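**Q** Heads up: the sequence shown is residues 2 to 92, going by the numbering used here.
Hints are computed from structural coordinates only; laboratory data are not their basis.
Be aware that a few hints might be false.
Beta-carbon label-pair distances, calculated as ranges [to be verified]:
hint, residue 1, residue 2, range
1, THR9, ASN81, 28 to 34 Å
2, THR14, ASN75, 37 to 43 Å
3, LEU39, LYS12, 18 to 24 Å
4, ASN90, ILE51, 16 to 22 Å
5, GLU66, ASP27, 30 to 36 Å
6, ASP27, GLY64, 33 to 39 Å
Owing to the predicted nature of the structure, the values given are computational and were not obtained by experimental measurement.
Just so you know, even glycine gets a beta-carbon here, dropped at the ideal spot from N, CA and C.
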Amino acid sequence: NTTPITVTSFKSTTSDSIYIEWPSIDTVSAFKYRIFELMDDTLKLNQTNIINANNSMISQIPGGEFVIQVTAVNDSTQINSWSMPFRLNQN
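Please put together the full structure from these sequences, using the hints given.
**A** Laid out in C-alpha cells, this is it:
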C-alpha cells in the first residue's frame, strides 16, 4: 500500500524546505494539504493550505517527524485522501 505522495527536502543555510507532489485528478480543482508534527506520539497541527495545483514548496520546516495529509476536494466533497509520514533531520 504505497502512497502517491513524494517529498523532497532541501537544506539551506537559513532554513529547510520540502517540496511535495501528489497525483493530479482531472475532476478536482483544489487540494487541501495538512502537515502535522509528531511530538510525544501526538499529532500537532503545523500547517494547512488549500492549493489548486498538485505540488507545493514549503519553507522553514524545522527538523522532526511529520505526517503529510493531502485531500482532493471538489465542490467541498472529499474525493480522495492520502497521508505519508516523513522525517526531516536538522543539523
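**Q** Are the hints correct? Go through all of them and say.
**A** Verification of the hints:
no.	hint	result
1	THR9 to ASN81: 28 to 34 Å	violated, 22 Å
2	THR14 to ASN75: 37 to 43 Å	holds, 41 Å
3	LEU39 to LYS12: 18 to 24 Å	holds, 20 Å
4	ASN90 to ILE51: 16 to 22 Å	violated, 29 Å
5	GLU66 to ASP27: 30 to 36 Å	holds, 34 Å
6	ASP27 to GLY64: 33 to 39 Å	holds, 37 Å
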